[in-house]
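Numbering (the working numbering), first residue to last: 3 to 978.
These are computed hints drawn from the structure, not numbers from a lab. Please note: incorrect hints may appear among the correct ones.
Okay, derived cross-link-like pairs now, EDC-like style, lysine to aspartate or glutamate, Cα gap no bigger than 16 Å in a straight line [what the hints assert, rightly or not]:
id: 1; residue 1: K593; residue 2: E570
id: 2; residue 1: K593; residue 2: E537
id: 3; residue 1: K162; residue 2: D350
id: 4; residue 1: K268; residue 2: D237
id: 5; residue 1: K201; residue 2: E223
id: 6; residue 1: K162; residue 2: E116
id: 7; residue 1: K162; residue 2: E353
id: 8; residue 1: K338; residue 2: D251
id: 9; residue 1: K545; residue 2: D438
id: 10; residue 1: K139; residue 2: E332
id: 11; residue 1: K231; residue 2: D304
id: 12; residue 1: K545; residue 2: E570
id: 13; residue 1: K498; residue 2: D438
id: 14; residue 1: K343; residue 2: D241
id: 15; residue 1: K343; residue 2: D373
id: 16; residue 1: K201; residue 2: E116
id: 17; residue 1: K343; residue 2: D391
id: 18; residue 1: K850; residue 2: D792
id: 19; residue 1: K121; residue 2: D146
id: 20; residue 1: K736; residue 2: D792
id: 21; residue 1: K593; residue 2: D621
id: 22; residue 1: K121; residue 2: D134
id: 23; residue 1: K268; residue 2: D241
id: 24; residue 1: K121; residue 2: D241
From a predicted model like this one, the values you see are computed outputs, not experimental measurements.
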Amino acid sequence: MPQPPQSHPPTPEQVRTLRRRASAVFLALSLTGTAALTALTFGAAPAAHAAGVPAPSPIGIAGRGASVPFTELEAEYAATNGTFIGPDRLYGNLPSEASGRQAVTLNAVGQYVEFTLNKPANAMSLRYSLPDTGDGKGRDATLDVRADGQSVKTLPVTSKYSWYYGGYPFNNNPGDTNPHHFYDESRTLLGATYPAGTKIRVQVTSTAQSPSFTIDLADFEQVAPAAGKPAGALDAVADFGADPTGATDSTARMQAAVNAGQAQGKTVYVPPGSYTLYDHVVVDGVTVQGAGPWYSVFGGRDPVNRNRAAGFYGKYVPGGGYTGPVRSHEANGPSKNVTLKDFAIIGDVRERIDDDQVNALGGAMSNSTVDNLWIQHVKVAAWMDGPMDRFTIQNSRFLDMTADGVNFHTGVTNSRVTNTFVRNAGDDGLASWPQDKPNTNISFDHNTVVLPILANNIVTYGGRDFTISDNVMSDTISNGGGLHIANRYPGVNSGKGTAVAGTITAARNTLIRTGNSDFNWNFGVGAIWFSGLNEAVQGASIKISDTDILDSSYAAIHSIEGPISGVEFTNVNIDGAGTYAIQAQSNLSAKFTNVTAKNIAQSATPIHNCIGAGLQISDGGGNSGWNTAQTCTGVWPAPVWTNGGVPSTPTTPPTTPPTTPPTTPPTTPPTTPPTTPPNGNLAQGRTTTATSAVQSYSAANAVDGNASTYWESNGNAFPQTLTVDLGATRRIGKVTLKLPPSADWATRTETLSVLGSTDNTAWSTLRAAAGVTFNPGSGNAATLTFDPADARYVRLNITGNTGWAAGQISEFEVYAASDGTPTTPPTTPPPTTPPTTPPAGSNLAQGKSATDTTHTQGYVAANVTDGNSGSYWESNNNAFPQSVTVDLGATQTVGRLVLKLPASWGTRVQTLAVLGSTDNAAWSTLKASAAYTFTEGSNAVTVTLPASGVRHLRLTFTGNTGWPAGQLSELEAYAS
């Protein structure tokens, strides 16, 4: 799913080298208790090579997850002379994205990992990581594959599909922050069947192409011979000329084949070969069948129009989930009665551009089935834009996507994903998002979803009558949990019928090492988590039963961002949690029956509750290990990870501050607010109003004497005001503004002015608009003084906030003037209009009118002249060129510009030109287009200009390495 852009860097990569252990580590993770438990497989380390910490595997759990055709062997339990890395779950560290959070690095000729087959196999898929190159384009290399000492294959490996940087939707610039998505997979047929006991060695023969090779695991399988053409089928090669060598584009030939198949009611058979497609093939009323996913392989991408690539799409539905341009042969969907089976789509997608149609499967298909497909190196394996009905994905493998594995988007009904294996998705593994039309009766069952790099293993954003059962979810990396049920993301609300509703059944799931840190927040996300961001989750029946939550990275169960009710936990086994059993950050009403917990890091207080009575637990009996004590400290503990029973702590606690505040107060408010001190806060307890308020964060919270409650306005709707009535006219000279003092609230700057009035009609400016910084290190409080003035009504006018796109105040305190001035109001209010001629050396642009070609959300052009480097303008994405223009009000001599971005943002390079005009019609170039580097920490660049008289200044942006849009927080103009 799309995520907001981030500016803060993660913890730098730290690869820990651990001494290889001389003896096996014994592990006995208890599988007794109240839950309907299933046997787990643990990585068994041979005594001579016991480098890895034994940990539960997501493969081979009886009755749960996908029934896969391969056997998975982990490098950390194999014979090796390489270096063991991990276990480590810190985002940005190489082991954190490995299965089980452990791997082996080879960095010299002759180093190897040697796997011993426990079943016959003739094929292998190797999961590995190579270092990136300095230019971010990636490197190619090879590894030698040996069977019992004999070289049998040279395996190509590459880093071209891994290593992303920066904020969402990420980039390939190694100079940026936030490195992630380290691993890829390469597969090969071994040329013969090797029996159980054969030693398959992957060995380095040269470090010239890559200085190191990190091996995570190998999947071995026995691949059946290629399937022949079904009787009566059309042959894509013999009948339509598709090129099995991949040397030429076969898009038109495949389109002709499927059109003929539809017209004649015949299957289209795709013989063994590698087929290049420069565009997706549109299918309707036809079966496309290959010789097997190891034999019939589609790939390719248009070399000119890079937003087109290999794939198979149904026809788009008018008014449906897809809102981009539609060509005639893609129109008037949904397609119906389509079957796609027994082939692979291995693409060439190396970036994430959300508008590009470079998914393997897309469009809308009703009464259709996808069966036994191998999909890899695409943006999304299957992004299905409804409305559509009765669509099934089964028996498939989806690997190494830049975005989601599967997303059922808008009006998808009676559809299913089953017996499918998803690994290394760049976003949610399996997702449902009914943006504009309800998704109902969806089943995600018997799937294994491993290592989503961003967001959740399985999620339903809204939706009615869902089944999410018999799945295995493991190793969440960042910004998500294992299972997420939420009213989040645009369009999800009860007014459209798209919110969580009906019965949501999540039964017989196993979650292993799920949940992880969210670089928006300074705390972890739970293994199973609920969110009511758009609106409360209420009225639905959410049943979580017969489930194992094992070795969670943070909390096992988590609520946040709005009230949650109607939840029942029955027969749930919690074994291992890095922090708490339950983390309640929003109202949660749930019934717990036969829920047992052990190995909880915060065992003395296994429930984190800062909502007081908002946590409503109904005890159904049979519970133990978690409902003993609660805490609310305002300080988040560093997680302790059990790694399947072996305790460890992270090498360094996460240090990235949150950019988004939690939507519930982090500490429990006192039951009785303190009384107003004599001659103190004149505003406490007084009537307070606001232009808007979100959920329960009302204006009254700003005068209740409790800094942990707060007012918050609607998002992306500046300006916003907060007004207090002092009850009588008072002579005032100071206000103190506060935000919650907890460290959960990162430093932020709100741009605001202070106004006063005696009658609530005529207002004067007491303090001009400026940036006010709130820092948790100094109590998140700021005091503003001004010339003494008489006022009954005091107003804050808020126009920006670097931490959240809304006005936020927890305490608005007003104090009397203390300078002995008379109490009689002055006859002339203080001036509110700045002088027309700025002082020498001043910023000629500050406070002036600004316009833009486009802007996104509330990041408007006016932010570049507001004097606050924390607010900023941002254009629409992927739509260069973009410009921002400032009117200086009169022709002025300008010889120098200072351009700024928020200081905490990661380093980026923006390409821009400076233009000038005296009449906003005829423009001249003052500075030709050039690249300017904004360096994290200062994020300011100076542009010198030939001194010239201009009234209008324009910056035209044509590139940005940190985000695909123009971005600027301040445009300052000086005479010299």
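Now for the hints, and whether the structure bears them out:
no., hint, in the structure
1, K593 with E570, "holds, 5 Å"
2, K593 with E537, "violated, 21 Å"
3, K162 with D350, "holds, 9 Å"
4, K268 with D237, "holds, 10 Å"
5, K201 with E223, "holds, 14 Å"
6, K162 with E116, "violated, 25 Å"
7, K162 with E353, "holds, 10 Å"
8, K338 with D251, "violated, 27 Å"
9, K545 with D438, "violated, 26 Å"
10, K139 with E332, "violated, 33 Å"
11, K231 with D304, "violated, 29 Å"
12, K545 with E570, "holds, 5 Å"
13, K498 with D438, "holds, 7 Å"
14, K343 with D241, "violated, 20 Å"
15, K343 with D373, "holds, 5 Å"
16, K201 with E116, "holds, 6 Å"
17, K343 with D391, "violated, 19 Å"
18, K850 with D792, "violated, 30 Å"
19, K121 with D146, "violated, 21 Å"
20, K736 with D792, "holds, 12 Å"
21, K593 with D621, "holds, 6 Å"
22, K121 with D134, "violated, 35 Å"
23, K268 with D241, "holds, 13 Å"
24, K121 with D241, "violated, 40 Å"
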